[in-house]
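Mind docking chain A on chain X? Use the hints.
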Amino acid sequence: MTDTRYTKEHEWIRVDGESATVGITDYAQSQLGDIVFVEVPDAGKAISKGGEAAVVESVKAASEVYAPVSGTVTEGNAGLGDAPDTVNSDPTGDGWFFKMTLSDAAELEGLMDQAAYDAYLKEIDA
Amino acid sequence: MKAVAGDDSVCVFEPREVCVPDTAALDDLLTTPLDALHRELGAKMVPFAGYSMPVQYPLGVLKEHLHTRSAAGLFDVSHMGQADLVGENIAAALEGLVPGELQALKPGRIRYTQLLNDDGGIIDDLMVARPIDGDPNRVHLVVNAACKDKDYAVLKAGLPDAALQRKDDHALLALQGPQASEVLALFDAGCTTMPFMSLRPATINGVEVVVSRCGYTGEDGFEISVSAADADGVARTLIDQPNVEPIGLGARDSLRLESGLCLYGHDMDDETSPIEADLTWSIGKRRRAEGGFPGEARILKELHEGPSRLRVGLKPVGRAPAREGAVIEVPDGAAVGVVTSGGFGPTAERPIAMGYVATEHAKPGTRLHLIVRGKALEADVVDMPFVPQRYYRGSK
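Chain order of the listed sequences is X and A. The first sequence runs 75 to 200 under the working numbering. The second sequence runs 2 to 397 under the working numbering.
If we strip away everything but chain A, and leave its shape as in the complex, we get:
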């Protein structure tokens, strides 16, 4: 028996460009401030983006996934890059590198956008937040772990007058799931009514943290930025709650796939435009009218005329999952695309996938073939997400 696809030991979650069989000694890997806790909890640790990270705990990927959807899960995402960008009128300046509407961001509000190259390809996707005090000369950033160095270089080159302040002395925890809000409320009641995509300072057992209401699971949830020194204590406090389980990268991947969320390096890369990636919603109205971001010509053309390929959801008809790399064909045998993420959705209780297809085959309901081990699996193009997103939309 030998893994042939999607095995974590050959870095399933890793962006392709840095995905090399890991020959480096495990000692060369970085660790997060929660490393001792992961080991104590019996996590299976794997190399990911240069870090030793928990892929699963004894509960296992399937139950970790289901627990997050039914109660609350705590994820260590400290490998992600947290930084502040400081410079005069920084939101307007940063708009020169991304297509998101940043100038209209209110204090304490967060926006999802993409760093673009001159061809309109995605260098990375990231979160940008306006500080709670409304400081016009500072934004908070969270970028992908594997893209940190690349992103910081792009930001420095593109914004030579701004200062990048890395927060490498901070951990990032994600508390996700329908009960995440009531768990946080045990420590800081103010978190329960935070709008989706906002941040605020909070206190957990006397420890000062910054809480953002966002995540990567499709559920209501929070990301908690905490100093490295306090991270272990805060994590232990949260997993001590009876409805909170620690969740590894394996379930993080199946949760985001069910929710139709892109994984950088897999579902988008430096050749993919935000329009092709079906992220048009993340480009502000003013930005569409004014342009002023890298690759503007391509992106505005695709906006008006439609892209040649599009990211779509795919539902295999049978029980066999199709994994990343499976070729997508029309029933007469012509190749029209490729699967970029695929597997089994524990909540969907079926195989699910996403991939890129030529736009003429991207309409929901289109029957396509996914080529798995030389066989054609029937699959239908479907709207995503595969499982309804349940973000907080205000008190009912």
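With the rest of the complex left out, here is chain X:
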């Protein structure tokens, strides 16, 4: 069973058992605008919750993507190198950033579920 959680910094993490996939939300891509460059972490890289894990650049700005939870990267999305705009067109699908294993599944508890994230978006857009 998969479960998607969200951070206040607009990353999503889709957990499937011991492993998870991470990306940025549709809201995040719409705020960034046209994405022209993405740097994803290599497999084997240890990342810690809240630490920088990837970089995404639009025409006008560079932004860091933070690790929603701690763990080890198992795969970076190599497809984004040649097609960074996939993050705009399919942020929660083919536009994923990296896959990881979790070192502490309890960290997921502090993240928002879909309903909480939707409410959060309403709050910041108000």
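In case anyone wonders, no lab produced these hints; they're calculated from the structure. Keep in mind that the hints are not guaranteed to be accurate.
Stated by the list, open to error - Here are the simulated DSSO-like pairs of lysine-lysine, each with C-alpha atoms no more than 30 Å apart in a straight line: (1) K82/X to K45/A; (2) K82/X to K376/A; (3) K376/A to K119/X; (4) K64/A to K3/A; (5) K196/X to K3/A; (6) K173/X to K376/A; (7) K45/A to K151/A; (8) K3/A to K82/X.
Stated by the list, open to error - Now the stretches of chain X that chain A is said to cover, found in silico as 3 or more residues with beta-carbon under 8 Å: (9) 81 to 88; (10) 107 to 115; (11) 128 to 137.
A virtual CB, placed ideally from N, CA and C, is assigned to each residue, including glycine.
Same frame as chain X, now just chain A:
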């Protein structure tokens, strides 16, 4: 996810000296006469130089940029400072503050120059125009928004006998792109054959305006000075044309970067000389021979012996952009300069940058390293512009 470089919310386009995280309430910002139109068009508004300005419209920076290069874009640049300087033989008097050749300016012609401090550093860059009627005692000025107050103070102090007449009741619109001329021709056919860097009065749907053939995109284009009261109507008339889209400050920045044009506060400041900034072309021949401008000793020395550093174009070899502030190193690791503007060029379809390097490393073809997030990105020094400029050079 959090912006770390070049984010408009921390005023990416703002000169450094006034670039403070914007804690002021949005209500404290000035608005231009097109404010209601921007909001109606769905613009994302950001603080810039004390004004609330559109950074992008729903089209987005990338498509706005490409549209300007392929058709025509309308920019609100009303935040810029428009003023007249009035005084006896004013062109000669103003030459005491700038290195541009102003006395030779013919009626209705415009020149790009720089206000200099006593050390030859650039206080601001500006446009100076001789009135169309040839009045020897008046010039028209357009200065940068963030530098208005500073410039006007410098002009008053340097030219105590001249009067500065601010045109704060005027908006400034820029219509830029290869189809800008045919759009203006729908309203005033005389605009199509105006020389580059000239101005003339024109009429748009019955509204009297002053049109200058210049801009900040590298494309053919015009700047339209119009009374604040008429600005909204003129802007709506122009964007109603099927080939005209409204364009925000985001694309304005990527367009000027591709064209190799300097942004004050980023690519030059009060320590940079026009020679270092590679603006030597803007210093008239007579002025080089005679001097008579602030910082003359430094500038003439740099002219003859070469400056110690020079503004250059930089092409990163890979796909990662290098932004303002990235340190430039030679491959063995010694720092030789810094990136002053950088990003992705939508028409160049690649990352592009400009910056200052020690002159011995400024030769096109030199391989340098740009330090981005602790990593060295390979980049080559290149001639600018990154995209050919397409100014109007007369009918073919």
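Practice prompt. Please count how many residues of the segment 81 to 88 of chain X have a CB within 8 Å of a CB from chain A and say whether that reaches 3.
Written response: Check passed, 3 qualifying residues.
Worksheet item: Residue count check for the segment 107 to 115 of chain X against chain A: does it reach three with CB-CB under 8 Å?
Response: It holds, with 5 qualifying residues against the three required.
Discussion item. For K376/A and K119/X, compute the direct alpha-carbon distance and say whether it is at most 30 Å.
Written reply: holds (16 Å)
Practice prompt. Would you check the hint for K45/A and K151/A, treating anything up to 30 Å between C-alpha atoms as holding?
Written response: With Cα atoms ~28 Å apart, K45/A and K151/A stay inside 30 Å; holds.
Discussion item. Cut-off 8 Å, C-beta pairs, minimum 3 residues; does the coverage of the segment 128 to 137 of chain X by chain A stand?
Written reply: Satisfied; 9 residues make the cut.
Discussion item. Hinted pair, alpha-carbon criterion (30 Å max): K82/X, K45/A. Please report holds or violated.
Written reply: Answer holds: K82/X to K45/A is near 22 Å, not above 30 Å.
Worksheet entry | 30 Å Cα cutoff - pair K82/X, K376/A | holds (28 Å)
Fill in: Proposed proximity, K376/A with K173/X (alpha carbon, max 30 Å)
holds (23 Å)
Worksheet item: Would the pair K196/X and K3/A pass a check requiring their Cα atoms to be no farther apart than 30 Å?
Response: With a Cα-Cα distance of about 19 Å, the restraint between K196/X and K3/A holds, given a limit of 30 Å.
Item to complete: Quickly compare the C-alpha distance for K3/A and K82/X to 30 Å and report which way the hint goes.
Response: The hint holds at about 10 Å.
Discussion item. Holds or violated: K64/A and K3/A, Cα atoms, limit 30 Å.
Written reply: holds (24 Å)
The structure is consistent with each of the numbered hints, conforming to all of them.
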